[in-house]
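Protein chains: 2
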Amino acid sequence: MGGDRAPGEIVAGARRAAEEYGIPVVLVGRPEDLPDTGDLEVIAASEVIAMDAEPGASVRRMKDSSLVRAAEAVRDGRASAMVSAGNTGAAMASALLRMGRIKGISRPAIATPIPVPGSTPTTLLDAGANSECRPEWLVEFARMGSIYARDRFGIESPRVGLLSIGEEAGKGSPFVKECFELLSGPDWAAATGSEWIGNVEGRDVMTTDVDVIVTDGFTGNVTLKTLEGAMKTLIGQLLVAIDTDDDTRAAGVTLGPALDSMVGDFHPDSTGGAMLLGVKGVCVISHGSSSATAMLNAIKVASEMVQVSMVDHLAAAAVG
Amino acid sequence: MGGDRAPGEIVAGARRAAEEYGIPVVLVGRPEDLPDTGDLEVIAASEVIAMDAEPGASVRRMKDSSLVRAAEAVRDGRASAMVSAGNTGAAMASALLRMGRIKGISRPAIATPIPVPGSTPTTLLDAGANSECRPEWLVEFARMGSIYARDRFGIESPRVGLLSIGEEAGKGSPFVKECFELLSGPDWAAATGSEWIGNVEGRDVMTTDVDVIVTDGFTGNVTLKTLEGAMKTLIGQLLVAIDTDDDTRAAGVTLGPALDSMVGDFHPDSTGGAMLLGVKGVCVISHGSSSATAMLNAIKVASEMVQVSMVDHLAAAAVG
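Protein sequences appear in the order of chains A and B.
Convert by adding 2 to the 1-based position in the first sequence; the result is the number in our numbering.
Convert by adding 2 to the 1-based position in the second sequence; the result is the number in our numbering.
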């Protein structure tokens with residue numbers, strides 16, 4: 003029921019996941035509001051948490067909402083993962099309150115893959131779950147991000163960096179310096195088979211120099227939205243440049259397929275959504291404007307993370 | 003003497019400023035290291051603060067460095083502004099220690115113009131001078147940013163936003179919420195003739211929705227470098243797309259001028275450099291890789307800001 007294009011695009015994506023990939027999807031929502039759901043099972047939930055509703059209060063009050071019921075379905079073993087394009091805060095709160103936290107994790111974090119041309123994405127976490135963090139949480143994020151990068155992108159020994167404003171150890175705010183100290187302890191990297199590479203900067207996010215970037219949820223969210231805005235502006239300007247005259251328009255047609263492929267690489271629909279790491283279950287949070295394709299990709303990612311037992315790996319890494 | 007391409011490109015840019023625009027430039031540095039300086043006056047300074055030197059200690063110790071002497075020239079009235087492509091931290095420290103702070107300003111801030119296609123740039127401050135801030139400093143940044151946006155870009159009533167992770171008042175870290183409260187007081191906006199528009203997000207930076215964005219120097223610097231990285235990656239991918247085959251390469255040639263103009267809009271050489279606001283003098287900090295063109299633009303901006311008496315306006319706004 004969640005997302006700007008729900009339930010139409012959501013159900014369409016779910017059906018494609020079942021029909022094209024054989025993924026057994028369970029829908030959760032108001033049966034009477036759904037389009038043709040084909041052979042998919044539907045768990046009835048009478049309430050819908052609005053996109054702009056206050057997350058905590060909504061989840062506590064609306065016990066028969068699709069988000070709460072979806073999280074319960076995972077908790078109760080009726081489903082292996084939850085996927086939502088709805089209210090991000092409410093999806094996080096539902097997952098946290100109904101599935102519970104992994105032992106050793108203080109706060110779940112949102113891990114968002116940032117596209118890197120010609121390479122595996124850079125995983126940014128926390129991308130917005132915790133607007134203020136304690137330094138020790140970033141070590142937990144580093145552990146979880148390492149597991150995620152390996153399970154999701156097949157990176158054998160992920161390079162983990164701390165987002166700061168200079169590469170040297172002494173750079174950054176007092177908070178970041180404290181994080182640097184803690185992250186420089188060898189235990190977590192050895193335990194997760196990853197490599198601690200120290201501070202990285204905003205300009206490194208879209209490069210092949212780092213695989214996992216840890217930061218507090220405020221900085222992470224600002225970084226993510228700044229990237230989204232820059233992409234949108236630049237691609238918009240590219241279209242303006244192509245629209246200069248008849249010759250440039252013709253050149254634009256010639257370049258069409260190459261440009262489409264480039265724009266596709268940067269489109270959020272391609273990435274399969276962000277993931278809430280640290281709860282006892284797979285929880286994929288797709289962006290609010292998710293199309294059927296975005297939903298299909300999100301469901302595929304959720305399914306893959308179940309197949310590889312990512313949550314078990316996170317649980318082992320959290321206490322390792 | 004400062005900058006990756008100094009002194010050659012710096013002197014070349016300074017000479018162009020004098021010859022093409024009649025701006026009376028004074029060079030500061032080691033006379034024996036300089037190329038032909040034409041008719042420009044040279045203030046001798048025997049020391050050079052390296053690009054990677056520790057700023058505070060260097061400025062205290064190297065009293066005959068070009069940066070310290072340049073700031074003294076402004077303090078003593080031998081120059082009206084200083085421009086540097088050297089060590090940013092040392093340029094800031096020199097300006098702060100030799101020129102002094104404007105009364106009512108707790109901490110100077112770096113104001114960086116972010117290009118917005120088809121419009122005036124968005125001014126981001128603090129872009130890196132203060133990695134940790136107190137909430138009341140952001141009100142000072144808002145005052146200074148308003149004056150700067152008006153004096154530099156002619157924006158009559160600049161719209162000032164606070165960088166956060168959601169538009170609603172309650173969004174953000176505890177620090178940002180405190181800033182929001184203080185900024186919501188009417189005095190500073192009325193005194194500076196600007197408009198407080200509340201929270202903005204990373205995706206708004208390159209749009210026409212806001213003229214001045216205030217944030218702490220850590221978040222500002224991450225935002226700035228994230229933008230730079232995104233630009234570089236996208237423009238690189240555009241060149242890859244053009245290089246697909248003979249047809250796309252031909253299309254690239256046709257699009258050449260339009261693309262060059264687009265890339266030029268986003269190039270840091272065009273913006274004329276960042277400015278340290280809050281010291282008693284004009285201080286332009288150009289990026290380390292500055293070319294002669296970048297230096298020319300930085301000098302032009304410095305000259306304009308002297309002509310319009312920006313520092314006097316800042317001083318009036320700081321206590322108004």
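Among the hints, erroneous ones may be present.
Same chains, same names: a pair is fine if it fits in one copy or spans any two.
With a cut-off of at most 30 Å between alpha-carbon atoms, the simulated BS3-like pairs for lysine-lysine come out as follows [as the list claims (entries may be wrong)]:
no.	residue 1	residue 2
1	Lys179	Lys302
2	Lys65	Lys173
3	Lys234	Lys105
4	Lys282	Lys234
5	Lys234	Lys65
6	Lys234	Lys179
7	Lys302	Lys105
8	Lys173	Lys282
9	Lys173	Lys105
Keep in mind that the hints were calculated from the coordinates and are not lab data.
The structure displayed is predicted, hence computed values, not measured ones.
Results of checking the hints against the structure:
no.	hint	in the structure
1	Lys179 / Lys302	neither (38 Å within a copy, 38 Å between copies)
2	Lys65 / Lys173	between (46 Å within a copy, 25 Å between copies)
3	Lys234 / Lys105	neither (40 Å within a copy, 41 Å between copies)
4	Lys282 / Lys234	neither (35 Å within a copy, 39 Å between copies)
5	Lys234 / Lys65	neither (38 Å within a copy, 47 Å between copies)
6	Lys234 / Lys179	between (33 Å within a copy, 28 Å between copies)
7	Lys302 / Lys105	within (27 Å within a copy, 59 Å between copies)
8	Lys173 / Lys282	between (35 Å within a copy, 27 Å between copies)
9	Lys173 / Lys105	between (32 Å within a copy, 29 Å between copies)
Checked against the numbered hints given earlier, this structure breaks hints 1, 3, 4 and 5; the rest are met.
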